[in-house]
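Let the hints inform the model, and build the full structure from the sequences given.
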Amino acid sequence: MTAFLAYTVIGIATGCIYALTASGLVVTYTTSGIFNFAHGAIGMLMAFTYWQLTVQNGWPQWLALIAVLLVIAPALGALIQRTLMRRLYGASISTTLVITLGLLLAFIGVATVFWDPGEPRSLPEFFAGNRVKVFSIFVSYHQITMITVAVLVAVLLRLFLFRTRIGTAMRAVVDDPELASLNGAAPDRVAMVSWALGAALAGLAGILLAPLVSLDIILLTLLVINGYAAAMVGRLKSLPLTFAGGLALGLAEAHAIGNLPPNILNIAKPALPIFFLYAVLLALPQARLRVGRVVNTHRAPRVASLRESLVAGAGFVAVAAILASVLSPGDLFTAGQGIVFALIMLSLVLLTGYAGQVSLAQMTFVGVGAFAMGKFFGGGSFLGIIAATVLAGIAGAIAALPAIRLQGLYLALSTLAFAQGMSQVFFKNTNVFGFGGRLEVKRPDILGVSFRGDRAFFVLLCVTFALCGIGVLALRRGPFGRRLIAMRESPAACATLGLNLTMTKLAVFSLSSAMAGLAGAFYGGLRGQVGLNDFEMLQSLVLLLLVSVAGINTVTGALMGGLTFGLFPKIQRSLPGIPSLSFLGAGLGAVALGRNPNGWTSDVGPRIARLRKMLRPGDSGTQDGREPEPNVAPAPEAVSSAQR
Amino acid sequence: MLSAETVDVKFGVTYALSEATVEAHEAQVTGLIGPNGAGKTTLFNVITGLQAPTRGRVTIDGEDVTNLKPHIRARKRVARTFQRLEVFGSLTARENILVACEIRNQWDSTSEDPRTVADEILDRVGLREVGNQPVDAMPTGLARLVELGRALAIRPKLLLLDEPGSGLDSSETLGLGQLLTELAEDGMAILLVEHDVELVMRISKEIYVLDFGRVIAHGTPGEVKDNADVQAAYLGAEVPA
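Protein chains in written order, with this note's numbering: chain A, 1 to 644; chain B, 1001 to 1241.
Each hint should be verified, as a subset may be incorrect.
[To be verified] No farther apart than 27 angstroms at their CA atoms in a straight line, the calculated lysine-lysine pairs in the BS3-like style are these:
| hint | chain 1 | residue 1 | chain 2 | residue 2 |
| --- | --- | --- | --- | --- |
| 1 | B | Lys1010 | A | Lys237 |
| 2 | B | Lys1010 | B | Lys1069 |
| 3 | A | Lys237 | B | Lys1069 |
[As the list claims (entries may be wrong)] Some chain B residues near chain A, calculated using beta-carbon distances under 10 angstroms:
| hint | residue |
| --- | --- |
| 4 | Ile1072 |
| 5 | Arg1075 |
| 6 | Phe1088 |
| 7 | Leu1091 |
| 8 | Asn1096 |
| 9 | Ala1100 |
| 10 | Ile1103 |
| 11 | Arg1104 |
| 12 | Trp1107 |
| 13 | Pro1134 |
| 14 | Ala1137 |
| 15 | Glu1147 |
| 16 | Ala1151 |
| 17 | Leu1160 |
In case anyone wonders, no lab produced these hints; they're calculated from the structure.
Idealized CB from N, CA, C, for every residue including glycine.
What follows is the structure, encoded as structure tokens:
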């Protein structure tokens, strides 16, 4: 009984924090329609700022609390809304995800610049050492603080939303675009206040949570992510349900820790909130299809013809063969790594660029592929490559299943849960990657030809990328590709034509994860071995962001994004002052450029053409390598502006 | 062909539709008119399954489809266009229609070549010349014709048109009227929501008038025109209780 009570108190206290962070998320979502993935990172950043002010600079607690929660956090929230989010209303889910994920990674990157991740830090509890005996158990003052603060926040939020003008305006829910358009979009001031409030709540949660765990950048960011599950219980709308969800999550977690046998607990504990999120997603009722298509802000790039893609593919392989014979082993490895990443990003071109669905678990599928390549058919056989592809395709279907009938955001969250769950339960399991967490992955022999040597393997890799690129483009030109584009641009219209959206999404999701699995076989083969930390969810985010920056609509974008990522370790070595260069680079890049789905590579062609034209003034060919512009000038009432 | 019976749709405390009963029959255009916010689009959403009714039922060819998903209803050959355009903007006009033909080929056993069908439809709605333009770059009126062509691609028995004429000039409107009459003559049931009352009066056999979610009048164009409630709704005068 005593133990039960003790775990209940711990559960309620933690649940209160989840409720706090989740309610911040809900407030920003309902007023701006944007799910802020950076919420957890804001909480982390505020906890570190608070630590800096109190522990390092010796400020009194009350002053630091005022500074962080009433000044810095709201200012940060308002700034984000003013500079970034304001321009995203009506944007597609993949765009808003890329921008907020970019912020998430950028904040982690910034934090590592200021606070060296290698250095251990801790934040003392509030009223440290004080506790009170209630019935038979001790309750710390910190726990009491957590519960009191949460109750206070709940009451104040309720009063604020129902008794103040701006609160009432905030309740004008933006969750239904149709309704929102009738009422006019939420005024800017309302959105700004809600983002300020959301950031303050994230900060409060971070500061209260940090003393219970170590002050670790990634850990704290992810812990606040756990609160997402609570927000799902409230379906991103209802604050009371969100609070209930937070408490349920906290209690479930605490009692699981209290009751599960240690061997299971070790594996399952870090993944508990993730299972919770997964379960909530499964239980969510199917939302109705919304009318309200995505507005294209940029014209889609022209799709290469079969002939063009064959020529480009052959040229690419030829260049690769030459490079293979001249590059040093080190450079060959770097280039190979870039091509592997490009192959993974190609799977995102299919899924996100064409179909408009977002996966935050692509590295997980890569890991599944590497695992299959290393373990099955004796390791390093051609059949291993097939197994990697098939197994990852199945994993993709499993990841997508709970949310495939829901909208894009929930699907992305489901993959996030899958990635986190897999990294805790599968990759960290000693039965999977063996003792020491490293699995050897051999390179294959195909039809009697050995690809074990660095040069041969590199050429094989490039041939695979070229074939996949040609395949993806062929798919895009065909009926399936057209269906994907149609589904991306108006799911409602597709349904009224008789398209089964669920099956189409499942198909493209499996295909994309299968391609990531294929990349995984090569990822393992290139490195010779894979480790349990190679397939973290955050790596998947970096990949998604980098390909978004380079151009998630095109094969060229994937290639350039992959090569950029491949170069990061090299650049990192010359910039030791920035420990998370890839996070910072990908994050800032996405924040700056993520709004253009065609990416920076789409600008290169036209620029070169313009340059050529400048050099040869007599040339009057098409300027940007596209079809000539139609003769009809888009009238002022052109479709896109009319829909805006 | 279609019957929506005593349909209620409640948003919060307001009724978008209240005991609305509307039928559409083969081989005729049925007009559906009413002021803005009368519930016309909501009714279309209920019929196509994008909006669940709070009460009431929808039958197609006598079969109750109220609980069927949108794509299953579409496979019963119900097609529609949208008041706020739902075109596939980055695809060309031809591809918009082609993809619809291809989607239909998935659920309909047909040996028709989607490309041939798409070209036929392009000709029929008069978009052949702009067929290779991306729809995002088209004026609204043409984009509406793309939606109409796309709806025709599933060879509908029931066609729901949500303001197909807005954005068209007078000669294009004439062409549209002609096309709809022909389609009805071929046996299609057409339910037409349109602000151009003159067009509706000219081509419809029957007209329903919606106001504040209720059917306030129903009959031939002549009957509806003379109805006092209708005149009140359109002129904004008090409706006698």
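Quick rundown of the hints versus the structure:
1. B:Lys1010 <-> A:Lys237: The hint holds at about 19 angstroms.
2. B:Lys1010 <-> B:Lys1069: OK: lysine 1010 (chain B) and lysine 1069 (chain B) at ~20 angstroms, within 27 angstroms.
3. A:Lys237 <-> B:Lys1069: holds, 25 angstroms
4. Ile1072: holds, 8 angstroms
5. Arg1075: Constraint on arginine 1075 (chain B) satisfied, holds at 5 angstroms.
6. Phe1088: Holds, because the Cβ-Cβ distance from phenylalanine 1088 (chain B) to chain A comes to roughly 5 angstroms (cut-off 10 angstroms).
7. Leu1091: Constraint on leucine 1091 (chain B) satisfied, holds at 6 angstroms.
8. Asn1096: holds, 8 angstroms
9. Ala1100: holds, 5 angstroms
10. Ile1103: Result: holds, 5 angstroms to nearest chain A Cβ.
11. Arg1104: holds, 6 angstroms
12. Trp1107: Holds, because the Cβ-Cβ distance from tryptophan 1107 (chain B) to chain A comes to roughly 5 angstroms (cut-off 10 angstroms).
13. Pro1134: holds, 7 angstroms
14. Ala1137: Hint on alanine 1137 (chain B): holds, closest Cβ of chain A at ~5 angstroms, below 10 angstroms.
15. Glu1147: Hint on glutamate 1147 (chain B): holds, closest Cβ of chain A at ~8 angstroms, below 10 angstroms.
16. Ala1151: For alanine 1151 (chain B), the interface hint holds, since the closest Cβ of chain A sits about 8 angstroms away, which is under 10 angstroms.
17. Leu1160: OK, holds: leucine 1160 (chain B) within 10 angstroms of chain A, min 9 angstroms.
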